[in-house]
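Residue numbers (this note's numbering), protein chains in the order written: chain A, 166 to 505; chain B, 375 to 486; chain C, 56 to 702.
A few of these clues could be false.
Simulated crosslink set (DSSO-like; lysine-lysine; CA at most 30 Å straight-line) [claimed, not checked]:
(1) Lys381(B) <-> Lys455(B)
(2) Lys617(C) <-> Lys459(B)
(3) Lys293(A) <-> Lys321(A)
(4) Lys238(C) <-> Lys254(C)
(5) Lys436(A) <-> Lys254(C)
(6) Lys315(C) <-> Lys294(A)
(7) Lys600(C) <-> Lys459(B)
(8) Lys534(C) <-> Lys440(B)
(9) Lys315(C) <-> Lys308(A)
(10) Lys376(B) <-> Lys440(B)
It is worth saying that the hints were derived from the structure and are not from the lab. Fair warning: this is a prediction, and the values are worked out from it, not measured in the lab.
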Amino acid sequence: MRPGSLGKMQKFRDLCLFLAACIMLSPLCLRADDGALKKAVFLPQWVPQAQFAGYYTAYAKGIYRKHGIDLTIVPGGADRPVSRYLETGQATFITAWLSSALQMRDKGIRLVNIGQVVQRSALMLVAKKSSGIEKPRDLEGRKVGLWGGDFEIQPKAFFEREGLHVKPVRQSFSVNLFLRGGVDAASAMWYNEYHAIINAGINPEELTTFSFADLGLNFPEDGIYTLEETRRRDPELARAFVMASLEGWLYAFSHPKEAVDIVLKYAAEAKVPANRAHQNWMLARMKELIVPSKEEAAGLGSLKQSDYALVARELKELKLIRNIPDFREFYRGSATDAQK
Amino acid sequence: MKVETKKENEVTVATVIGRMDALTTSEVERTLMSLLDQGEMKLLIDLDGLDYISSAGLRTLLATAKRMKQRSGIMAFANLKGHAKEVFEISGFYSLFTVYDSVESALEQLGR
Amino acid sequence: MLRNRGIVFKLIALVVTAGGFIFLCVFGYSYFFSRRTIEENINESARNLAQATVGRIEASLRSVQKIPLNDRYFVESTPLDPAALHDLLFNVLESNADICGAAIAFEPGKRQNVRGFAPYVYRSEWTIAFTELASERIDYTLADWYQIPRELSGPEWSEPYYGEGQDRTLKSTYSVPFYMTAKGQKRLAGVIAVDISLKRLQAIVSSVKVLQTGYAFLISQNGTVVTHPRSELIMNATIFGMAEEAGDTSLRELGRRMIKGESGLVPLGPGPLGSASLMYYAPIPSNNWSLAVVFPVAELMADVRRFSMIAFILAVAGLAALSGAVVIIAHSITRPLRTMAQAAGHIAEGNFDTPLPVSLSGDEVGVMTKAFEDMRISLKDYIERLTETTAAKQAIESELKVAREIQMSIIPKTFPSFPAGTGVDMDAWIEPARDVGGDFYDFFFLDRSRLCVVIADVSDKGVPASLFMAVTKTLIKAKAAPGKAPGDVLTTVNNELATDSGTNMFVTVFFAVLDIKTGELLYANGGHNPPILIRSQGKAMPIEKTGNPVVGVIEGIEYGSKGLTLYPGDMLLLFTDGVTEAVNLRGELFGDERLLKELSAAADPSPSGRIEAVRQALARYSEGAPQADDITILAVRYEGPLMEREG
Chain A
166 MRPGSLGKMQ KFRDLCLFLA ACIMLSPLCL RADDGALKKA VFLPQWVPQA QFAGYYTAYA
226 KGIYRKHGID LTIVPGGADR PVSRYLETGQ ATFITAWLSS ALQMRDKGIR LVNIGQVVQR
286 SALMLVAKKS SGIEKPRDLE GRKVGLWGGD FEIQPKAFFE REGLHVKPVR QSFSVNLFLR
346 GGVDAASAMW YNEYHAIINA GINPEELTTF SFADLGLNFP EDGIYTLEET RRRDPELARA
406 FVMASLEGWL YAFSHPKEAV DIVLKYAAEA KVPANRAHQN WMLARMKELI VPSKEEAAGL
466 GSLKQSDYAL VARELKELKL IRNIPDFREF YRGSATDAQK
Chain B
375 MKVETKKENE VTVATVIGRM DALTTSEVER TLMSLLDQGE MKLLIDLDGL DYISSAGLRT
435 LLATAKRMKQ RSGIMAFANL KGHAKEVFEI SGFYSLFTVY DSVESALEQL GR
Chain C
56 MLRNRGIVFK LIALVVTAGG FIFLCVFGYS YFFSRRTIEE NINESARNLA QATVGRIEAS
116 LRSVQKIPLN DRYFVESTPL DPAALHDLLF NVLESNADIC GAAIAFEPGK RQNVRGFAPY
176 VYRSEWTIAF TELASERIDY TLADWYQIPR ELSGPEWSEP YYGEGQDRTL KSTYSVPFYM
236 TAKGQKRLAG VIAVDISLKR LQAIVSSVKV LQTGYAFLIS QNGTVVTHPR SELIMNATIF
296 GMAEEAGDTS LRELGRRMIK GESGLVPLGP GPLGSASLMY YAPIPSNNWS LAVVFPVAEL
356 MADVRRFSMI AFILAVAGLA ALSGAVVIIA HSITRPLRTM AQAAGHIAEG NFDTPLPVSL
416 SGDEVGVMTK AFEDMRISLK DYIERLTETT AAKQAIESEL KVAREIQMSI IPKTFPSFPA
476 GTGVDMDAWI EPARDVGGDF YDFFFLDRSR LCVVIADVSD KGVPASLFMA VTKTLIKAKA
536 APGKAPGDVL TTVNNELATD SGTNMFVTVF FAVLDIKTGE LLYANGGHNP PILIRSQGKA
596 MPIEKTGNPV VGVIEGIEYG SKGLTLYPGD MLLLFTDGVT EAVNLRGELF GDERLLKELS
656 AAADPSPSGR IEAVRQALAR YSEGAPQADD ITILAVRYEG PLMEREG
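Based on the sequences and whatever the hints tell you, model everything.
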């Protein structure tokens with residue numbers, strides 16, 4: 166799956182400075198007597214693609230090693246649900262959407278968020294202007310493709326709020342149904358399906374988009390999670406992993422060609438079809454989602470309580486979770502948040 | 375310079391108009407001589423239009439008069455005036471030739 | 056600059072320019088015309104080729120489409136059990152070698168399984184295998200091949216894809232929805248799908264050959280490259296992705312037109328699809344894919360270019376040869392011309408014997424050479440004759456000069472001199488109109504005390520008059536004798552001259568004898584203008600006429616004599632009518648009055664003074680008009696009685 170978060174663009178310099186400070190501090194955080202690298206397994210929530218460029222780049226450039234982690238990355242996919250791997254301990258760290266993680270925790274998996282990577286939701290609805298859809302009202306009575314699961318939460322909340330009655334159609338991972346006109350509006354990730362649509366010959370000006378991040382439903386997406394227990398046993402490892410991962414992301418943003426080369430390599434290894442143009446687009450969008458505006462530069466990797474509350478509330482409303490966990494228990498973020 | 379000729383009774387009247395000098399006199403001579411060749415026996419030269427006469431012109435008149443005399447013809451002059459008269463007087467031609475006052479009186483005399 | 060260059064240069068410049076211009080026009084026209092023809096042919100061929108290929112692809116697709124469409128009716132109308140379905144599917148595969156899989160997928164909830172029921176038959180190795188698509192893992196109702204026909208309520212060709220596992224065949228699925236009518240409502244019952252191998256399509260498209268480097272390729276409805284000579288592009292590139300990577304918006308536009316189902320001929324610049332070429336694209340109606348045939352421009356135009364290159368070389372060679380010919384012909388003209396110019400230069404220097412080149416040709420140059428030669432010979436003769444004539448003339452002129460000298464020498468120039476206050480003071484001025492004249496004056500002493508003065512004017516000018524004048528002068532001097540009256544002298548002279556005169560010439564004569572002891576003057580005048588007597592007080596008047604005619608006309612004339620007395624200081628001025636009949640530019644005569652006036656007014660009363668005054672007056676009066684008659688003046692002033700004559 167491809168959840169993510171949308172954010173505003175940010176000047177690298179500030180982030181690099183910030184990160185430089187973290188890097189300088191991080192060696193102090195490692196235990197002095199720990200000459201050996203700590204082993205860990207990481208499972209992203211979907212197949213190798215630029216959505217996870219930061220992690221793969223960090224791995225390929227030896228950043229995890231530098232932070233004292235001997236990391237193994239397991240390629241994700243439909244047949245590797247992150248919840249199961251985390252639960253059974255097959256994965257030390259996973260990525261997941263905030264909404265998924267909350268539901269997982271509600272179901273009993275005691276996980277904690279140690280770094281909120283994607284700040285801005287990339288989920289959107291896309292419609293062809295030629296089908297007469299230009300504003301939310303036009304969706305009334307139309308066929309709308311929905312992915313189900315966590316991908317339905319924002320749309321459904323949206324329809325509810327706008328008082329729209331649509332004909333939901335279950336949408337697969339292809340955009341062909343939309344392209345052929347089988348649905349009037351389709352669910353899409355800004356960094357993925359949107360580009361696939363463009364890449365099939367439709368021009369941006371021919372599309373109407375409804376981005377949930379701009380519609381008051383900005384659910385943060387990809388975050389790094391680990392079991393509460395794992396974190397308690399070795400908080401340094403957790404923090405190191407997040408630091409290294411963020412460092413990997415920043416490197417990827419400043420060396421996009423190299424990052425895409427790395428991603429393509431791992432995609433090929435996992436026999437996942439990928440083309441450069443699509444990955445370039447995806448990486449560029451991830452940059453917007455992960456590195457918010459200059460104002461939010463300091464908040465790289467941190468989960469805002471307001472965002473958390475927004476998601477949790479919605480989930481509770483839809484009865485997807487019974488209780489809203491305490492924010493401070495749920496989120497065990499990086500050094501900028503005074504958490505320990 | 376030109377010579378106009380007309381016949382009055384048996385008299386040929388030749389009127390000379392212009393100058394008789396070395397340049398023009400040969401033409402006058404030719405005209406007068408041809409009249410003689412045609413058999414004219416009475417010739418009257420009207421000098422009314424004669425502006426000037428040089429010694430060459432006098433020679434022409436003299437030659438014509440001599441030829442006329444040889445043939446036993448008569449040659450006379452009329453309307454002698456001005457410069458020509460002076461020349462005729464000084465050169466004595468006035469007494470050599472017969473000079474009448476006017477064409478009419480000349481014709482009257484020559485007609486007999 | 057062009058003006059001073061030689062003929063050869065001008066000709067060559069003209070020939071090359073004109074020839075070059077003509078060639079350019081012809082060449083340019085034929086080049087563009089043949090290009091245009093080729094382009095039109097390409098358009099035609101491209102369309103035909105593409106349509107033919109599209110036709111073949113269509114035939115292939117339609118033969119496949121038939122099957123599920125037929126089976127649909129069968130399935131819709133007949134309630135079927137799994138075995139029957141199984142057989143049906145086997146037949147499908149057996150009937151068409153291109154079909155590598157077939158399924159009849161039912162809407163879940165219709166049959167046994169909630170998850171669905173979708174028997175699927177497929178080729179595996181050399182046999183036909185069977186499986187059930189419905190499983191926990193895969194929800195076939197979410198597959199494009201199921202969902203799209205369902206939502207669109209119509210048959211649909213899928214995007215191309217690779218078969219699973221080791222099967223790397225490129226496939227596409229044609230799926231057709233079928234319906235059941237229950238309780239008067241038509242509902243979707245399921246989807247029949249057949250997978251076909253795209254091998255045949257790929258073969259058809261690959262077989263399209265255009266010249267050496269032309270080819271065809273196929274893109275899917277999403278712009279994915281289905282088949283292309285560059286196999287690395289197949290399934291890995293979409294036309295839009297390629298355009299995005301190359302930053303080529305026109306390529307993207309082209310892709311959009313193609314998937315919209317348009318057809319046309321477009322030029323393609325060098326880019327992701329190859330080198331510069333012309334591309335004809337047309338849609339495949341059955342599945343909305345698009346076929347493109349690429350015509351490499353370079354190859355197409357290669358013939359035209361080669362032709363142009365050869366034509367150009369030929370033209371250049373031709374012009375060069377033409378120039379060479381022009382040079383040869385031009386030289387055949389300019390060489391003789393140059394020789395003639397040189398010869399003309401020699402002739403101009405006076406060398407008439409310069410030989411001219413013999414021209415044997417009958418053309419204009421030969422004609423001109425002959426004409427030039429003729430001219431040279433004529434010139435030579437003419438110059439020779441002219442030279443002779445001029446020499447003769449110069450001989451005559453020199454003889455005339457001698458004659459003048461002789462004539463002048465017989466007229467006395469040395470005037471007698473006397474003691475002061477006695478005798479006479481004389482001066483004279485004689486100016487013939489031509490080299491030799493007819494006027495003369497003379498003076499001589501008869502005896503000690505008697506001076507004769509003569510002035511005469513022969514009735515002519517030039518050589519005849521000068522001869523007559525010489526005769527007259529001699530006669531007068533011969534006949535004059537002391538005691539003989541001047542009139543008698545003239546009478547004698549007249550009789551002599553009149554007898555001999557066959558030329559009708561006459562002479563006017565004034566003959567006078569002055570007794571220097573007494574001042575008595577006796578004179579005779581034969582038709583001459585009377586001299587002017589200027590008394591010592593200054594009064595001037597002509598002396599009395601005698602009335603005698605000119606001398607030499609008629610015999611027997613008695614010339615009279617007249618006389619007058621000169622007192623000391625009195626001057627007698629003898630002159631000929633050349634003075635009084637001198638003309639100005641208006642033809643007016645100087646006249647006697649003017650002469651009298653000038654003589655009276657002369658500042659210097661001496662003979663030379665008075666003559667000088669008249670001479671100046673004449674010069675002023677004539678205003679440059681040519682002298683018409685001989686001018687002669689003799690001035691004699693009686694100074695006083697002579698006692699004894701000197702010398």
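Any of the earlier hints contradicted here, and which numbers? 4
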